[in-house]
Amino acid sequence: MKKTASVFITALIIILFPDTSYSIQAHGGSEGIVVHQLGHIFFLFSLLALGYWLKSKWALKGKSKLYLRLSCLFLVLWNFDVIIMHFLDEQSGLINVSRNAFDICIRSAANSHILEYLYYFGKMDHILCVPALFFLYKGLKSIETEKGD
Amino acid sequence: MTFSYLPLFFIDVFGSVLMIILSFACLLKSIRLRRNDPKNVLISFLVWICCGLLLFAVSRSCGHIVKQLLLVYGYQDIWEDIRPFSGSVNTFAFILVASITIFFRQIWKIHIQVLDDRKKLVDAHKELVFLNENLEKLVRERTLKLEKEASQRAELEKHMVQAEKLSAIGELSSGVAHEINNPLGIILGYCQLLLRHEKDTQKIDDLKIIEKHVKSCKAIVQDLLNFSRSSKPLKKLYSINSIIEEITNYVKTHSSFEKIEIIKYFSNDIPEICIDSEKIKQVFFNLIMNANHAMNQNGKIIIKTTCENENIRIDIEDTGEGIKEENITRIFDPFFTTKPTGKGTGLGLSVSYGIIKNHGGDIKVSSSLKKGSVFSIYLPFDNSCIINEAQN
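Keeping their order, the protein sequence lines are chains A and B.
When we follow our numbering, the leftmost residue of the first sequence carries the number 1, and every step to the right adds one.
When we follow our numbering, the leftmost residue of the second sequence carries the number 1, and every step to the right adds one.
The hints are simulated quantities; they were obtained by calculation from the structure and are not laboratory data.
Even for Gly, the Cβ is constructed at its ideal location relative to N, Cα and C.
Please note that the accuracy of each hint is not assured.
Claimed, not checked - Selected chain B positions facing chain A (Cβ under 8 Å, derived; list incomplete):
#1 LEU6
#2 ALA25
#3 LYS29
#4 ILE31
#5 LEU46
#6 PRO84
#7 ILE102
This is chain B alone, in the form it adopts within the complex (with noise of 0.2 Å):
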């Protein structure tokens, strides 16, 4: 069959201009990229990949024009002479471009160590810059950490000698009170068994006197047994900003609170807890009844509820003359007190601080002289009530 051969050369003289011109453009452009990026290997492997496709484009190329060229001016024999050199060349040239190619994955391989290695440095640099910018910075953080721990385990230390001295203190108060009680119940009873049958108003008055130092002194007892007895509470779920709300309420109706303004502060989203609620209440009241005191029945009292991290925080604020520094480390001791001989027993704080221990909490205060006293309980999230309730 005959086809025309102009399409053959038009198509095999400008393919192997253009291959030329294409496989420069490529090196140049590739060359381009290198310069921008030299250390990337990746990008040293396409330059060699250009390299050989140049090589190969070029002696290609160069062979089929000067083919085309001989065997249009019929000297065929001329082409014939040189064709094994040609093709060698051009053979040579396309098994180097595929032994580059081949080696593409090892490249690959070694461009991604490459970038690792390079990721690893460039992070240890910063690391290190960092460091040496910081160090003072980052010396006086850890100081300070170490500093906080120091005082942390100090109060820890503070908080168990308390424990230790409550405890020894108990055992012996128990062991007194429980031994005074019975004659102090003998003693009341003849006294008011006395006071039924006597007619004479002087006797009378004088039994009264006893009869009311006896009370007093079944009082003191009383507190005493409370204080040595940290039974462990009887939980139940219970709202802390009701049984506030039900104390203030109470003690208002005393008359000693006439002149008392309390406000209440209650944050609304206090959840309910489980605590003891009478031994609770017996805290709150002892605190507002201490506050009432330290401000001569006259002034105000501020009562806050509330959240900060695991706990619902109760700060009672008073208005009052506020408590000597050197007393502050003494107030939850048992039997301290400031009050005037007879008006204290000096266990309303010592019996508030077990409560609340015994509850997982803490107790804080803070002071300032003629300004008044902060007093902040601590009690945290518990539901183990509700566990318990569900388990049984």
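Only chain A is shown next, with the shape it has when bound in the complex (with noise of 0.2 Å):
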């Protein structure tokens, strides 16, 4: 009975007069980021992890365990080159992006143009997922005609 009471005081006084908490960490700043990249490193070293598996453990004879690694290897591009752009966007501060109507104005601060160049073509990372998606999608297809032979 004591103790049911001195339970039911204790819950009493926390509700009735609450205070700030530290015991959840804070997830502000360049948290986000670093998670996204993170992310990244992950998705390319699961990709390499597959497409080395896909080679020694593979059983179907034809073209599909090509197309698979293909879209593995177009994806571990693109994940390089995101890595890379969103270093250069958000991380280094090595370039600075302005924009009009028609133009984009890109700048480094080391005034190099190869890095200009790099980060221009760069941000046309789809020109590495759409073919990954697509040899993808040949893979599928070659898995099914394998399968029906």
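Take each chain as given, in its own frame, and dock them per the hints.
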């Protein structure tokens, strides 16, 4: 009875007189981009592993293996590209971008035209991720054919 | 440096649209694959990957299209509000895809295990179906096999009884023959001595009758000794065909073979084997002479040689009277004869049987009354004499 009463009184004090809690860590600032970049790195390595396992284990004879591995390769390249782009965009401060209606002005802090070109073409990442999905589709289609055979 | 924004814009917008289309196509294709093979865990894995990629492509592409449109129409502040949500969903989506991807190895192991188990199940099912369908046949086959084994065992026992009988008679004959041989020699010697000095023709005729019968007794005794002394054969490499040829050429000169036709069918692939040629000649001679008697010196003797399994088979067939069924089991017994008294000792076939057995072979007989008999001799492909010679 005494135990129940003490628990009840403690709960009442906590509810009636609340104060700031420091037990949960805040996730503000640059943590979002770090998580995003780590996600890309994880994705990149998982694709590398998949490409390797496909090489050694994929049993179907035909083009399915080639297409699936090409899909992995393009996704790896895409991840590599976006990791660099995110770094230039949001972490390094090496690139400054301003845009008017039909032009985009890219300025490198180190005044490097190579870096500016790299940034401009790197931004066209769909050139890598669209073929990746295309090869995945071709791979699935080949599996259908090979299984039919 | 200033660049045109249009390539970036078009690649971003059209690329995003293509991403959505392709990721949908991939998902539909993978679902179709799963529909065709619903128990394949690897296909399920591909469906999950495609689901993840679809979520990723849709969130990312929608984000990009919305971003481009908002930037073009000057609503950058709105984009800045949406951006964290778009980025978060995007991050979540590709981490999801990566997480699924990383499980490929485990999925593969499960896939292999499932395939293995399925194969075992199919094999077990096939075996069960086979056993179910062929139970009667299998029981029949097994019964036949058991019957065959039982008959082989009976045959073996018969051979053992025969061998024991021969051995016992051999020992007995040996002792008796040895004791009789010496007095017979003395009788023959004195008889011939008397013949040399006798002038009286009546007495000469009487002595010649004694001499003839003593010689007959000695021949029987010699046969008994031959039978009992089953000495180890002195083997050398010989061609069976040439031995038969030699024997048939010899017997043809005998007057009793005048009306007998000897037909030979020799197989060309008969190898030379290790045999005691003198003893084997004796066997062939005995069998051919028996055939002659069975045909009353008129008929055909057909001799065939063939290779059968690991043996040379020699068939000696006659067109004689044949052997009565009750006599078939006794023909290899010593002293068993169907010839009239004084015409045969009944030891020829016993001796032949012993010789063939000493060569590791076998001798069998089949007969039909009024049609004839076939004696089949089996001699193994024996090359032990070459090996022994090489070792010496």
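Here's how the hints hold up against the structure:
This hint holds: LEU6/B has a C-beta 6 Å from the nearest C-beta of chain A, less than the 8 Å allowed. About 5 Å separates the beta-carbon of ALA25/B from the nearest beta-carbon of chain A, less than 8 Å, and the hint is met. The closest approach between the C-beta of LYS29/B and any C-beta of chain A is roughly 4 Å, which is under the 8 Å cut-off, so the hint is satisfied. The restraint placing ILE31/B at the interface with chain A is violated, with a minimum CB-CB distance near 10 Å, outside the 8 Å limit.
Given the 8 Å rule on beta carbons, the hint for LEU46/B holds: about 7 Å separates it from the nearest Cβ of chain A. A hinted interface residue such as PRO84/B counts as satisfied when its beta carbon comes closer than 8 Å to some beta carbon of chain A; here the least separation is about 7 Å, so the hint holds. Nearest Cβ of chain A to the Cβ of ILE102/B: about 4 Å, under the 8 Å cut. The hint holds.
Hint violations for this structure: number 4 only, all remaining hints satisfied.
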